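Plus 146 on top of the position in the sequence shown (first one is 1) and you've got my numbering.
It cannot be assumed that every hint is accurate.
Stated by the list, open to error - Under the rule of at most 30 Å between Cα atoms (straight-line distance), these lysine-lysine pairs were calculated in the DSS-like manner:
1) K276 / K224
2) K276 / K234
3) K209 / K186
Said to hold, decoys possible - Label pairs and their calculated CB-CB ranges:
4) T260 / S177: 26 to 36 Å
5) Q194 / E236: 13 to 23 Å
6) A293 / T260: 32 to 42 Å
Don't read these hints as lab results, they were simulated from the structure. This one's a predicted model, so the numbers in the text were calculated from it and none came from an experiment. C-beta atoms are modelled at their ideal positions from N, C-alpha and C, and glycine is treated no differently.
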Amino acid sequence: GILLVIACGVIVTAREIPCHIDEDVYGEKFSKCFHFFDEKLSFNKAEQLCQNLAGSLVSLRNKAEGQFVYWLAYEKFKSTDYWIGGRKSESGDHWQWNDGVNITYTDWASGFPTQRSSLVCIAARVEDGKWIEAPCDDAKTFICQSAADNGE
147 GILLVIACGV
157 IVTAREIPCH
167 IDEDVYGEKF
177 SKCFHFFDEK
187 LSFNKAEQLC
197 QNLAGSLVSL
207 RNKAEGQFVY
217 WLAYEKFKST
227 DYWIGGRKSE
237 SGDHWQWNDG
247 VNITYTDWAS
257 GFPTQRSSLV
267 CIAARVEDGK
277 WIEAPCDDAK
287 TFICQSAADN
297 GE
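All chains should be modelled from the sequences, with the hints used to inform the complete structure.
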């Protein structure tokens, strides 16, 4: 058992991970790198920091990606909600990711979303990964995503 673990560890560490930041987690199935920030920032400041790293706040396009990120966030953040890259549209009539794409997959917690103003953004609860809305000015931990570097 122990030799197998060591052998697997060597294989994993020897493989080149196509992410730009050492602490990134590579989601091979999604061709994305994920970076978890313990620092608490407002939604807009978090998005700006992600953009400075050639990425954006994480957008969870399907259940598999949502589960993958939730398990990692549960390990990393322990006890705090975290921003994901969704917000109410400026018109206030639909939800969209930061890249402007309308949100089609959702994982709202019971009772959400409410009919609040357009100044709300989407956070995920660390205990179950379910989505909640929160004022965009609230300071929360956050997750950035960037494209994996699959090129040569």
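Right, here's what the structure says about each hint:
{"no.": "1", "hint": "K276 / K224", "verdict": "15 Å, holds"}
{"no.": "2", "hint": "K276 / K234", "verdict": "17 Å, holds"}
{"no.": "3", "hint": "K209 / K186", "verdict": "26 Å, holds"}
{"no.": "4", "hint": "T260 / S177: 26 to 36 Å", "verdict": "34 Å, holds"}
{"no.": "5", "hint": "Q194 / E236: 13 to 23 Å", "verdict": "18 Å, holds"}
{"no.": "6", "hint": "A293 / T260: 32 to 42 Å", "verdict": "33 Å, holds"}
Violated hints for the displayed structure: none, as all numbered hints are satisfied.
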